[in-house]
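In order, the protein sequences belong to chains A and B.
The first sequence begins at 53 in the numbering used here and counts up one residue at a time.
The second sequence begins at 4 in the numbering used here and counts up one residue at a time.
Hints are computed from structural coordinates only; laboratory data are not their basis.
Check each hint, because a few of them may be wrong.
Dumping the calculated DSS-like pairs for lysine-lysine here, alpha-carbon to alpha-carbon at most 25 Å [stated by the list, open to error]:
| hint | chain 1 | residue 1 | chain 2 | residue 2 |
| --- | --- | --- | --- | --- |
| 1 | B | Lys130 | A | Lys180 |
| 2 | A | Lys201 | B | Lys74 |
| 3 | B | Lys72 | A | Lys180 |
| 4 | B | Lys87 | B | Lys74 |
| 5 | B | Lys74 | A | Lys203 |
| 6 | B | Lys128 | A | Lys56 |
| 7 | B | Lys128 | A | Lys180 |
| 8 | A | Lys56 | B | Lys130 |
| 9 | B | Lys88 | A | Lys203 |
| 10 | B | Lys87 | A | Lys59 |
| 11 | B | Lys128 | A | Lys59 |
| 12 | B | Lys74 | A | Lys180 |
This is what each chain is made of:
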Amino acid sequence: MITKMLKALSVLLLFLGFIGLFYWALSHDSTELPSQLIDGPVPEFSVNDLMQPESMLTPEIFQGKISLLNVWASWCAACYTEHPYWEEYAKLDDLQIIGLNYNDKKEKALNFLETQGNPYEKILFDVKGRVGIEFGVYGAPETFLIDPKGKVRYRHVGIVSPEVFQDKLMPLIEKIKLGF
Amino acid sequence: MKKYVTLFLIFLSFYTFASVDVYEFETPEQEAQFRHLIDVLRCPTCQNQNLSGSNSLVSEDLKQIVYEKVKAGESDQEIVQFMKKRYGEFILFEPEVSKDNLILWTAPFLFLFIALTSFFIWYRKNKGELNE
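Okay, chain A solo, but in the shape it has when bound (with noise of 0.2 Å):
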């Protein structure tokens, strides 16, 4: 009687095992990568700004301020859908909003500005797509969080929504402020 209850349990139990399992592993989003570059600092670069081509950006940008770093292209759809976003990140004080323009050709970026407009204090022109590799981007658009002192915090793959920025980045950008 008693052995037979004790399969009857180790069944249930392997059966739950399952669906956890099953449970944890759907829910997991396997595509999203894990950047290599948090918590370190911001990999070098030196490149042209798209507004004003006379200057050269390196991560000096960074220095001293909360940054948040946003991949774009005017090739990547979702961009399109994420811009009207930015605009809005960008009147909250405290904040720089850097673009990175990834692959893109020079007047079809400057076109998305036109007719999207345009929330960035500064856009690195990456134009070889090199910059982008740097920090591991592997698709548009990417956004880091970099803190004052020039470290990546954190890293969002896909559109930054009124959502994730509240969830994601906020709690983060706090504590950054705090001096953590």
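Got chain A; can you put chain B on it based on the hints?
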């Protein structure tokens, strides 16, 4: 009919040539190194393809970087290290054994061991009954 087959074969051969001759190398060793690397490196966007099988934007850029590095005389290890630093362990099509994924490499053997052991225990216990 023969004409169509010939035409088909011609198109087929064009395709093969086109996909091989994009990158030019000074030595066959360099070309072999390049082919090897783009086979073992994975496309970060497509995930189930290696670089050689993918023509996504990122893959094309990564292939170009591999090409430049091979021509500059860098070793396999240096190039793989460069990729791993930016894209993580994931960039390798076949992951290396490490403490994080040790379970994946050992689990099949572990399960086999458990299954065989329990089978033998069961077998010994029931040997008498089976013989009857």
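Evaluated hints:
1. Simply put, Lys130 of chain B and Lys180 of chain A have alpha-carbon atoms about 71 Å apart, too far for the 25 Å limit, and the pair is violated.
2. Simply put, Lys201 of chain A and Lys74 of chain B have alpha-carbon atoms about 37 Å apart, too far for the 25 Å limit, and the pair is violated.
3. Between Lys72 of chain B and Lys180 of chain A the CA atoms are separated by roughly 16 Å; this keeps the pair inside 25 Å, and the hint holds.
4. Proximity of Lys87 of chain B to Lys74 of chain B is assessed by CA-CA distance (about 20 Å); at most 25 Å being required, the pair is judged to hold.
5. A threshold of 25 Å between alpha carbons decides the hint, and for Lys74 of chain B with Lys203 of chain A the separation of about 33 Å lies outside it, so the pair is violated.
6. With a C-alpha separation of about 18 Å, the suggested pairing of Lys128 of chain B with Lys56 of chain A holds against the 25 Å cut-off.
7. As the CA atoms of Lys128 of chain B and Lys180 of chain A are separated by approximately 70 Å, the hinted pair breaks the 25 Å bound.
8. Distance restraint check for Lys56 of chain A and Lys130 of chain B: the Cα-Cα separation of roughly 21 Å lies within the 25 Å cut-off, and the hinted pair is therefore satisfied.
9. Restraint check for Lys88 of chain B and Lys203 of chain A: the C-alpha separation of about 16 Å stays at or below 25 Å, so the hint holds.
10. Restraint check: the Cα-Cα separation between Lys87 of chain B and Lys59 of chain A comes to about 47 Å, which exceeds 25 Å; the hinted pair is violated.
11. With a C-alpha separation of about 17 Å, the suggested pair Lys128 of chain B and Lys59 of chain A falls inside the 25 Å cut-off, and the hint holds.
12. This hinted pair checks out: Lys74 of chain B and Lys180 of chain A have alpha carbons roughly 19 Å apart, not beyond 25 Å.
Of the hints listed earlier, those the structure fails to meet are numbers 1, 2, 5, 7, 10, in rising order.
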